[in-house]
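Engineer: One-letter residues, chain by chain:
There are 2 protein chains.
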Amino acid sequence: MSMRNLYSYINENSEKFLQELVSLVKHPSISARKEGVQECADIVEKLLLKTGFSTKVIPEKNGNPVIYGELKSSDSEKTIMFYDHYDVQPAEPLDEWDFGAFSGKIHEGRIYGRGSSDNKGNIVSRVKAVEAFLKETGGVPVNIKFVVEGEEEIGSPHFAPVVKKYKELFANDGTIWEFGGTNYQGQPEIYLGLKGVLSIELKAKGASQDVHSAYAPLVPNPAWHLIWALCSLKNPDDKILIEGFYDEVESISKQDLELLRKIPSEEKKLKKTLGLTQFLHHSTGVEAKKALLYSPTCTINGFLTGYTGKGSKTVLPKDATVKIDFRLVPNQMPKEILTKLISHLKKGGFEDIEIIRQGSTEPARTPVNERLVQVVVDAARKIYKKKVVVYPTSSASGPMHLFRNWLGCPVVSAGCSHANSKTHAPNENLTIDGFIKGTKLMATIINDFA
Amino acid sequence: MSMRNLYSYINENSEKFLQELVSLVKHPSISARKEGVQECADIVEKLLLKTGFSTKVIPEKNGNPVIYGELKSSDSEKTIMFYDHYDVQPAEPLDEWDFGAFSGKIHEGRIYGRGSSDNKGNIVSRVKAVEAFLKETGGVPVNIKFVVEGEEEIGSPHFAPVVKKYKELFANDGTIWEFGGTNYQGQPEIYLGLKGVLSIELKAKGASQDVHSAYAPLVPNPAWHLIWALCSLKNPDDKILIEGFYDEVESISKQDLELLRKIPSEEKKLKKTLGLTQFLHHSTGVEAKKALLYSPTCTINGFLTGYTGKGSKTVLPKDATVKIDFRLVPNQMPKEILTKLISHLKKGGFEDIEIIRQGSTEPARTPVNERLVQVVVDAARKIYKKKVVVYPTSSASGPMHLFRNWLGCPVVSAGCSHANSKTHAPNENLTIDGFIKGTKLMATIINDFA
Numbered sequence: 027m028s029m030r031n032l033y034s035y036i037n038e039n040s041e042k043f044l045q046e047l048v049s050l051v052k053h054p055s056i057s058a059r060k061e062g063v064q065e066c067a068d069i070v071e072k073l074l075l076k077t078g079f080s081t082k083v084i085p086e087k088n089g090n091p092v093i094y095g096e097l098k099s100s101d102s103e104k105t106i107m108f109y110d111h112y113d114v115q116p117a118e119p120l121d122e123w124d125f126g127a128f129s130g131k132i133h134e135g136r137i138y139g140r141g142s143s144d145n146k147g148n149i150v151s152r153v154k155a156v157e158a159f160l161k162e163t164g165g166v167p168v169n170i171k172f173v174v175e176g177e178e179e180i181g182s183p184h185f186a187p188v189v190k191k192y193k194e195l196f197a198n199d200g201t202i203w204e205f206g207g208t209n210y211q212g213q214p215e216i217y218l219g220l221k222g223v224l225s226i227e228l229k230a231k232g233a234s235q236d237v238h239s240a241y242a243p244l245v246p247n248p249a250w251h252l253i254w255a256l257c258s259l260k261n262p263d264d265k266i267l268i269e270g271f272y273d274e275v276e277s278i279s280k281q282d283l284e285l286l287r288k289i290p291s292e293e294k295k296l297k298k299t300l301g302l303t304q305f306l307h308h309s310t311g312v313e314a315k316k317a318l319l320y321s322p323t324c325t326i327n328g329f330l331t332g333y334t335g336k337g338s339k340t341v342l343p344k345d346a347t348v349k350i351d352f353r354l355v356p357n358q359m360p361k362e363i364l365t366k367l368i369s370h371l372k373k374g375g376f377e378d379i380e381i382i383r384q385g386s387t388e389p390a391r392t393p394v395n396e397r398l399v400q401v402v403v404d405a406a407r408k409i410y411k412k413k414v415v416v417y418p419t420s421s422a423s424g425p426m427h428l429f430r431n432w433l434g435c436p437v438v439s440a441g442c443s444h445a446n447s448k449t450h451a452p453n454e455n456l457t458i459d460g461f462i463k464g465t466k467l468m469a470t471i472i473n474d475f476a
Numbered sequence: 027m028s029m030r031n032l033y034s035y036i037n038e039n040s041e042k043f044l045q046e047l048v049s050l051v052k053h054p055s056i057s058a059r060k061e062g063v064q065e066c067a068d069i070v071e072k073l074l075l076k077t078g079f080s081t082k083v084i085p086e087k088n089g090n091p092v093i094y095g096e097l098k099s100s101d102s103e104k105t106i107m108f109y110d111h112y113d114v115q116p117a118e119p120l121d122e123w124d125f126g127a128f129s130g131k132i133h134e135g136r137i138y139g140r141g142s143s144d145n146k147g148n149i150v151s152r153v154k155a156v157e158a159f160l161k162e163t164g165g166v167p168v169n170i171k172f173v174v175e176g177e178e179e180i181g182s183p184h185f186a187p188v189v190k191k192y193k194e195l196f197a198n199d200g201t202i203w204e205f206g207g208t209n210y211q212g213q214p215e216i217y218l219g220l221k222g223v224l225s226i227e228l229k230a231k232g233a234s235q236d237v238h239s240a241y242a243p244l245v246p247n248p249a250w251h252l253i254w255a256l257c258s259l260k261n262p263d264d265k266i267l268i269e270g271f272y273d274e275v276e277s278i279s280k281q282d283l284e285l286l287r288k289i290p291s292e293e294k295k296l297k298k299t300l301g302l303t304q305f306l307h308h309s310t311g312v313e314a315k316k317a318l319l320y321s322p323t324c325t326i327n328g329f330l331t332g333y334t335g336k337g338s339k340t341v342l343p344k345d346a347t348v349k350i351d352f353r354l355v356p357n358q359m360p361k362e363i364l365t366k367l368i369s370h371l372k373k374g375g376f377e378d379i380e381i382i383r384q385g386s387t388e389p390a391r392t393p394v395n396e397r398l399v400q401v402v403v404d405a406a407r408k409i410y411k412k413k414v415v416v417y418p419t420s421s422a423s424g425p426m427h428l429f430r431n432w433l434g435c436p437v438v439s440a441g442c443s444h445a446n447s448k449t450h451a452p453n454e455n456l457t458i459d460g461f462i463k464g465t466k467l468m469a470t471i472i473n474d475f476a
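From first to last, the protein sequence lines are chains A and B. Numbered according to this note's numbering, the first sequence spans residues 27 to 476. Numbered according to this note's numbering, the second sequence spans residues 27 to 476.
One chain only, chain A, in its complex shape (with noise of 0.2 Å):
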């Protein structure tokens, strides 16, 4: 069919549909902290209800509600799911935020406020894309399904239980995923694979109580201890010395090499964004391209112990919190990435320091020849009249192996952030534009996959 009158729609509601955003954006939902959440689901479920799915809240056990809607088409038998999330980072360190971090503030043509790029500006994106058909249409030429977590930020720890008891509800013939976008030159960037991720917590323990620091001679320091099981884990030259960490690493196929070159540089405005002369160990090019999408990692992502406040105190602290996050390239599992670390710290003396497992991911990989592949270039460079840059994976994570590897649907991520979305950092932001055009690729993915 013609997409003119779909997309006239979605431009002369676009402020309407903004505002949905908007009021979304302002429902905290940190999955973290278990804090809003269960208001956001609600409003999820309001949303797709009133478009005209129906809808079903599944409760994970001990976790969010994942809301899952659905809406036939009387032309199809194919069926198109969306995967989204609408839970979000926490927002710290709030005092960098230009506007309050669930403002939803819109200013010079962007929205602001954690959650509008990941992934709340996608949910509402898709949601319009399929309004547009029923109010210009009538119906949906492909059946629709939509499945929106709420632990996506934490690693999905209760999501694949709700996949493996939801198989036949879920079954569909193309996934897809919650996020995409334009680059620096404004080309839309679509992605075949996610990283898996391994989230942990390490605690160390010393005295019962916090103790003069007079007394160091004599009582262990949990902060030492801590930071020498790290430097165990990982050297200055970010190898990662877990014995047998990079045992199932491949190495890059051919095919997947061709698509890292066809991939546009962006380094030098990545690093003017990020405030960085160099990347790290001064990669650049392909190598930089590599590594990025294709190296696993062992990244601190907090530490805390003892006295943080203003000027000195001469503690010795009775404990001390790293949080690290592993990525993960395919054919490395979360699960035996754990017993390997359990091992690793075990031979090296620190069997006392406590491992807290907070979520985790597979890799997975959709192959660039398959058909949604195409529908999915072809509907973006429609929309966005430029050359679409296709990564084999990205660097990121989240549950795609639930879908591809368990429901066995190809899956393509594409979606309405940009290359300065700041996403999971202070000033997260979508730009309208973007969640426009984001709104058009959505509808056109939806028509030419019919």
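Just to be clear, a hint being listed does not mean it is correct.
Since the list can't tell identical chains apart, any single copy or any two copies may satisfy a pair.
As the list claims (entries may be wrong) - Distance condition first, Cα-Cα at most 25 Å in a straight line; then the derived DSS-like pairs of lysine-lysine: (1) K87 <-> K76; (2) K72 <-> K191; (3) K288 <-> K408; (4) K297 <-> K229; (5) K265 <-> K372.
The set of hints was computed from the structure by calculation and includes no laboratory data. Being a predicted model, the structure only gives us computed values, none of them experimental.
Knowing the structure of chain A, use the given hints to seat chain B on it.
Structural biologist: This is chain B only, laid out in the frame that chain A set:
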């Protein structure tokens, strides 16, 4: 003179003295954050004035005021000085206090609150010992000077120029230092020296903003950088690896070793209090005493980077900060140690890490054969009716060297704390009995020194 009337006066007025201490504890005076210091300085000055001292407020350039008090004797040419400080350590972690950190709560024979033991209890007990003389005899048997500073807990960064400038005013024949008390067996402990200290903060910087941890293969992580730097400072055997760090460290003298052997072992009780089954490196007996009093140290007091709230956050932090104190033994000068540290970091490729100096004092020692030592030992034996334990040095630090080395007077530390006073930790406290005995001890020292 007979001390009986003075002891009676102290007994009869103990409740009043205690209330004065409560009111002093209730005034937070955290030098690390310049909280309430001026107000607390005013209270101390008023306490001295009310007692009969003439006072002088010495403004420290960029620092907190020093309160000086003087009371002439018509009977003696000699002068005894009391060194104290009205500032306190920060009270964090606040949620670990059973009563408010600045409540001054009296509970089961103890007063609780930050500063109760370190050092406000001693300030009040010393002033009240003088009050007893004035009320009971109409004068004091020896000239008495007080110097009460406001930055001891941050390494007295502005105190040295004050001592230099007021060398004549501060001149004395013997100084009683700010701390001391009884051990687990109720034996009085006195100290003839202090370790030096060098407090610093190290700050590593990465990108100009917090970044999504997916970028870890490209973006330097200041937390890792700082941790690698720390690992280069000290190994898991607690050996400090800075080149030349131990160069000036002397071996323990025979005289000191003799004193060490006389110090009763309180290992079991200290371990129990701290919830430890072993001291560091399983040291025990004389070896543990040697370690505590003669080892220089490098202690992490606090470390902060990234996200430290509940749950996980896949963030790559933009900076990381660690607070460290080095405790130094005789001949190790903070200035030289800092120079060695700077050179060490530079050599190791850590020259980009910012070093913020936060305060330092040099080590100091008074020989055991000084008359003042015998006066204090005899006075303590009279009051506590137990064997007096003489420490050749404390494991703690303070600006004692300014008095011992610059003014050239003997310095002995004695006070009213006890073995479980939890100095610098939550639930800091002082027993009422210790407070009253400490007041009698000070009166006896004044009497016997004259």
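Engineer: Sort out which numbered hints this structure fails and list those numbers smallest first.
Structural biologist: The structure breaks only hint 1.
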